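**Q** Input sequences plus hints: build the corresponding full structure.
If you want the building blocks of each chain, they are given just below.
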Amino acid sequence: MVYQFDFSFLAQTWPAFLGGAWLTMKLTVVSIALGFMVGTLCAVLRVYAHPFVGWLVGAYVEIIRNTPLLVQIFIVYFGMASLGLKLGAETSAVMALVINVGAYTTEIVRAGIESIPRTQVEAGDCLGLSRLQVVGHVVLLPAVERVYPALTSQFVLLMLASSITSQISAEELTAVANVIQSDTYRSFEVYVVVAVVYLFLSFLYRLGFWGLGLALFARRRRLGTAL
Amino acid sequence: MVQFTSVHVFYLLDAATWTILLSLLAFAGGAVLGITLALARVSRLRVLQLLAAAYIQLVQGTPLLILLFLSYFGLSILGYRLHPVVAAGMSLTLYAGAFLGEIWRGCIQAVPRTQWETSDCLGLNRFQQYVYVILPQATRIAIPPTVGFMVQIVKSTSLASIIGFVELSRAGQIVNNSTFEPFFVFTCVAAIYFAMCYPLSLSSRYLERRLNVAR
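Those protein sequence lines, which keep their order, are chains V and W.
For what it's worth, this note's numbering labels the leading residue of the first sequence as 348, then goes sequentially.
For what it's worth, this note's numbering labels the leading residue of the second sequence as -16, then goes sequentially.
By construction, these hints were calculated from the structure, which means they are not laboratory data.
The structure displayed is predicted, hence computed values, not measured ones.
Keep in mind that the hints are not guaranteed to be accurate.
Residues on chain W that point at chain V, a partial pick, calculated with CB under 10 Å [stated by the list, open to error]:
id: 1; residue: VAL(-15)
id: 2; residue: LEU48
id: 3; residue: SER59
id: 4; residue: PHE177
Covered by chain V, according to a simulated footprint, are these stretches of chain W (three or more residues, beta-carbon under 8 Å) [stated by the list, open to error]:
id: 5; stretch: 49 to 58
id: 6; stretch: 169 to 175
Chain W is nowhere near these chain V residues, computed Cβ spacing over 10 Å in every case [to be verified]:
id: 7; residue: ALA368
id: 8; residue: LYS373
id: 9; residue: ASN413
id: 10; residue: VAL418
id: 11; residue: PRO464
id: 12; residue: THR466
id: 13; residue: GLY475
id: 14; residue: PHE556
id: 15; residue: ALA562
We put the CB at the ideal spot given by N, CA and C, even for glycine.
**A** Structure (structure tokens):
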């Protein structure tokens, strides 16, 4: 039997693919933004707060980084519901993704913070900046700038991993593909199309983060490199 | 409703051995593919470089889940009906190969330039350079990140549950379907994954520290 490739289902289903891709983008952009905040906060706590708080943050990071996202999603969606906290599929998806990417961000930003020389902090103190100003302007901004490439690749990986949320019926790109392939019996073609869409999305995200980096880090714009 | 008992715990632990087996399969396959890709990336042939780079971009730019669906559902429509473990092993191999290839390329390139020049001066050919000079040093550099990536592989095998292969995550779902205590069951599952991954993470960090001290 010679298989005939047939992509004609696209003529009717492309709006569904587009809708799925749009939801994937919405879910992941929100998760990345929230996850970045969670991660940065945790990184600051881990370095500057009381050792016990630091230990708690460390435990959070290790637990999340050493268990699969799929199981984390199940715990948030099915587990929380059984404890009485019923969340919608999309809310659970965002929550699980935020918890996940927050842990990775913590570890990456912490590395950035630790790479800032002590003398910078001392110089900031000498200039009479408050503790908060030192942490914000002298430590965090340059720290994030240094680890920005690692952060962006983690965020792109998160976007790809968001395909797993299809398993709790969040109607994002992969879930849409699953529905279409069971309607059309064109599973090979459907998943090839979706793979291409994800590929496009990951290029789009990388481009977006590159632009964002130029906008955020004035020094990089002028010198072309991180400090 | 069935009570969660030690029988379920043993069932989960039994399933965990399948997770380990699948991880080993993926690592073995990924290592072969990875070293091939890494050598292609640093080869002097432009075509090989481009092909390997394109493959890595392609695999790293698509979710593992889609790769899994392609090799399980996609290929079965094309007439190749694969057993879930074969489909999962294959897609994990393709996935791990791309990442290991990129990691190991970095390690090969981290060997100082002077080592290449010195071995050139000693009259070693390209093959001898790799075998006697470059790869032994690159291997040392490569061990910590490789152990770190093994954590990634173990976690990724959880996706095989989605195509119906009964490893730890799928076993968790099965147990949950009969006991209906999702929070407890999936926390147990997570704990077992943690018990497998955390030692790997720790040893990766330890090896990295030791490597930096030796330098």
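**Q** Go through the hint on SER59(W) and say holds or violated, using the shortest Cβ distance to chain V against 10 Å.
**A** This hint holds: SER59(W) lies near chain V, its Cβ roughly 8 Å from the closest one there, short of 10 Å.
**Q** Taking the minimum C-beta separation from ASN413(V) to chain W, is that value above 10 Å?
**A** Answer for ASN413(V): violated, closest chain W Cβ roughly 4 Å.
**Q** Could you check that no beta carbon of chain W comes within 10 Å of the beta carbon of THR466(V)?
**A** With a cut-off of 10 Å, THR466(V) remains clear of chain W, as the shortest Cβ separation is near 23 Å.
**Q** Does the no-contact call for PRO464(V) survive, Cβ to all of chain W over 10 Å?
**A** Answer for PRO464(V): holds, closest chain W Cβ roughly 19 Å.
**Q** Any CB of chain V closer than 10 Å to the CB of LEU48(W)?
**A** Holds, about 4 Å.
**Q** Is the claim that LYS373(V) lies outside the interface with chain W correct, judged by CB distances over 10 Å?
**A** 17 Å, holds
**Q** Hey, does ALA368(V) actually stay past 10 Å from chain W on C-beta?
**A** Correct as stated: the minimum Cβ-Cβ distance to chain W is 13 Å, above 10 Å.
**Q** For the hint on PHE177(W), does the least C-beta distance to chain V fall short of 10 Å?
**A** With a closest approach of 5 Å, the PHE177(W) hint holds.
**Q** So PHE556(V) supposedly isn't at the interface. Is its beta-carbon more than 10 Å from every beta-carbon in chain W?
**A** Answer for PHE556(V): holds, closest chain W Cβ roughly 14 Å.
**Q** Taking the minimum C-beta separation from ALA562(V) to chain W, is that value above 10 Å?
**A** 24 Å, holds
**Q** Closest CB-CB distance from VAL418(V) to chain W, is it above 10 Å?
**A** Per Cβ check, VAL418(V) is inside 10 Å of chain W; nearest 5 Å; violated.
**Q** Determine whether the non-interface label on GLY475(V) survives the test: each CB of chain W must be over 10 Å from its CB.
**A** GLY475(V) is indeed farther than 10 Å from all Cβ atoms of chain W, at 37 Å.
Checked against the numbered hints listed earlier, the structure breaks hints 1, 9, 10; every other hint is satisfied.
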